[in-house]
Amino acid sequence: MLLSLLLSSVTVTVPMEATVRGTEIELAEIASIEGDARWVAELGSIELGYAPAPGYSRLLRVDKIQSLLHERLPEVQVRFAGHTVCRVRPEVRQIPVADLEQVARAELRRAFAGTDLTFQLAESLPQTMVPAGDGAVQLRARPLSGPRASGLTSVAVEVAVDDAVYRTVWTTWKVEVWQTRSVLARPVRAGQALEPSMFERRRVLLRRGVEREALGEGMLPGAVATRDLMAGAVITATDVHRPTVLQLGDQIYLLVRKGGIQARVPAVALDSGAVGDRVRVRMNHSPKEMSALVRSADLVEVNLGQ
Numbered sequence: 003m004l005l006s007l008l009l010s011s012v013t014v015t016v017p018m019e020a021t022v023r024g025t026e027i028e029l030a031e032i033a034s035i036e037g038d039a040r041w042v043a044e045l046g047s048i049e050l051g052y053a054p055a056p057g058y059s060r061l062l063r064v065d066k067i068q069s070l071l072h073e074r075l076p077e078v079q080v081r082f083a084g085h086t087v088c089r090v091r092p093e094v095r096q097i098p099v100a101d102l103e104q105v106a107r108a109e110l111r112r113a114f115a116g117t118d119l120t121f122q123l124a125e126s127l128p129q130t131m132v133p134a135g136d137g138a139v140q141l142r143a144r145p146l147s148g149p150r151a152s153g154l155t156s157v158a159v160e161v162a163v164d165d166a167v168y169r170t171v172w173t174t175w176k177v178e179v180w181q182t183r184s185v186l187a188r189p190v191r192a193g194q195a196l197e198p199s200m201f202e203r204r205r206v207l208l209r210r211g212v213e214r215e216a217l218g219e220g221m222l223p224g225a226v227a228t229r230d231l232m233a234g235a236v237i238t239a240t241d242v243h244r245p246t247v248l249q250l251g252d253q254i255y256l257l258v259r260k261g262g263i264q265a266r267v268p269a270v271a272l273d274s275g276a277v278g279d280r281v282r283v284r285m286n287h288s289p290k291e292m293s294a295l296v297r298s299a300d301l302v303e304v305n306l307g308q
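Per the numbering used here, the sequence shown starts with residue 3, numbered consecutively.
Calculated directly from the structure, the hints in this document are not laboratory data.
Wrong hints could be hidden among the right ones.
[Stated by the list, open to error] Using C-beta positions, here's what the derived DEER-type ranges look like:
{"hint": "1", "residue 1": "S147", "residue 2": "R229", "range": "29 to 39 Å"}
{"hint": "2", "residue 1": "G84", "residue 2": "Q122", "range": "53 to 63 Å"}
{"hint": "3", "residue 1": "P17", "residue 2": "G116", "range": "52 to 62 Å"}
{"hint": "4", "residue 1": "S69", "residue 2": "A30", "range": "49 to 59 Å"}
{"hint": "5", "residue 1": "A233", "residue 2": "L272", "range": "55 to 65 Å"}
{"hint": "6", "residue 1": "R169", "residue 2": "R191", "range": "31 to 41 Å"}
{"hint": "7", "residue 1": "A124", "residue 2": "I48", "range": "38 to 48 Å"}
{"hint": "8", "residue 1": "D165", "residue 2": "A108", "range": "33 to 43 Å"}
Backbone N, C-alpha and C fix where the C-beta goes; we use that ideal spot for every residue, glycine too.
With the hints as constraints, model all of the structure from the sequences given.
Laid out in structure tokens, this is it:
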């Protein structure tokens with residue numbers, strides 16, 4: 003029995019201070035362990051809890067460590083030497099601001115792919131410190147969700163230490179979405195009817211909400227301005243009154259297009275609408291309903307593609 007205890011004897015020497023890596027503390031990181039080779043590695047891998055955050059420290063007491071080791075490996079005789087407490091501080095890494103910015107920029111480009119876009123940081127990024135891990139610190143942007151529009155947009159950059167997210171850095175960007183579209187070439191007074199000669203194509207900034215509310219070119223013929231409009235304005239539904247030209251039950255013609263072939267057939271309107279609206283229609287003597295684009299008071303169109 004005595005021989006067994008001697009063979010299982012291990013000495014743990016605890017320093018006054020220690021520096022650790024990663025987010026968890028292992029015994030081997032703060033103490034030297036000598037003795038029976040069968041137990042040195044196993045004792046050294048026992049976790050003592052969380053590592054302190056950058057800028058902080060943690061005081062580990064030897065009596066607490068001794069109780070933990072006895073609970074985990076009661077068959078091992080552990081003798082402690084050195085100090086009765088150990089002040090633990092983390093080894094830290096500073097994340098370059100340029101790296102955080104680069105990752106956020108890449109996510110903005112991905113999320114707004116195919117869009118005429120300009121963007122810049124709306125506020126400076128903070129100094130970011132994380133514990134040093136066993137491997138390189140990993141940065142990854144959280145995928146953007148929500149509308150892609152002009153305005154302030156936040157991109158979250160996750161900072162991972164040893165493959166686990168340690169903290170998230172929020173970056174805020176001033177985003178401008180541009181589009182070439184028809185805008186007023188000159189001012190228009192309230193009550194004026196809009197005509198094609200009043201418009202020109204121009205690259206314009208689409209402010210948040212305008213893209214959703216803007217009227218397409220095909221919806222503007224016959225529209226009347228409800229208020230004074232400035233040159234360069236993108237016309238929205240609130241800027242004009244669009245008279246209803248098609249009434250529910252009207253007998254109309256349905257123009258059906260498919261590739262280079264087109265046919266005009268009699269139909270009936272199942273909705274009311276203005277030029278440029280989509281309404282339900284049904285061909286005469288057919289129960290099938292179709293969604294068609296209003297072209298005039300007596301003509302709607304369906305495009306079946308190629």
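Hint numbers not upheld by this structure, sorted from lowest to highest = 4, 5, 6 and 8
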